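Use the sequences and the hints to build the structure in full.
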Amino acid sequence: ILNVEQSPQSLHVQEGDSTSFTCSFPSSNFYALHWYRWETAKSPEALFVMTLNGDEKKKGRISATLNTKEGYSYLYIKGSQPEDSATYLCAPLRAGNNRKLIWGLGTSLAVNP
Amino acid sequence: EAGVAQSPRYKIIEKRQSVAFWCNPISGHATLYWYQQILGQGPKLLIQFQNNGVVDDSQLPKDRFSAERLKGVDSTLKIQPAKLEDSAVYLCASSLLRSYEQYFGPGTRLTVT
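The listed protein sequences correspond, in order, to chains A and W.
Each residue of the first sequence is one higher than the one before, counting from 6 in the working numbering.
Each residue of the second sequence is one higher than the one before, counting from 54 in the working numbering.
Please note that the accuracy of each hint is not assured.
[To be verified] With a straight-line cut-off of 27 angstroms between C-alpha atoms, the simulated DSSO-like cross-links for lysine-lysine are: (1) A:Lys-63 / A:Lys-47; (2) W:Lys-131 / A:Lys-105; (3) W:Lys-131 / A:Lys-62.
Simulated from the structure, these hints should not be mistaken for lab results.
Model, not experiment: these values are computed from the prediction.
Encoded structure:
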């Protein structure tokens, strides 16, 4: 069983601040890593799917990097806005016949106007 | 494109009562997932269907939980009888066959009193 750790557990920033958080996972049997954003009272929404070591993906002000050798991924938000307030979940997918996402506990981000 | 539909959005029941949740996945998505998300924890996969067959139900408490996906489209998840610890958000997600990017419904928030 994979141990997925996300840090920090929660984060409060001011509008305009840039911020980042971490997802760490055992590097063995790695297949892919998913990042999701979950706003309160809405559906979790897929942000990125990353597979290759050194991958970097970007969507607007949000970007993510992946290091499969050491088992971590960073999510960055540049110039945070109140609408970025959400829980950010990472979920690695392990290789093998029984592939399924293993979810972290998430980082809860609150952006104060 | 219509998203994943779930109903009801909210449900309050007393312990030992029964409850059922409904999910309609995105058209053409062969894989359907039911997750339980307890406050402060990551989503926990309860059951995964591929078409109308069960792929993984290893974390489904089968003494009280049941799920079906007749005709490989809609699905229902039932709890009978409910316990206090079943209070959670129940998420349904779907994905294309062999794709691990999941699309989530808005969830059903269950409160057991």
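Lys-131 of chain W and Lys-105 of chain A: Cα distance at most 27 angstroms? With a Cα-Cα distance of about 23 angstroms, the restraint between Lys-131 of chain W and Lys-105 of chain A holds, given a limit of 27 angstroms.
Is it true that the CA of Lys-63 of chain A sits at most 27 angstroms from the CA of Lys-47 of chain A? Roughly 22 angstroms between the alpha carbons, so the hint for Lys-63 of chain A and Lys-47 of chain A holds.
Need the status of pair Lys-131 of chain W, Lys-62 of chain A: alpha-carbon distance at most 27 angstroms? violated (39 angstroms)
Violated hints amount to a single one, hint 3; each of the other numbered hints is respected by the structure.
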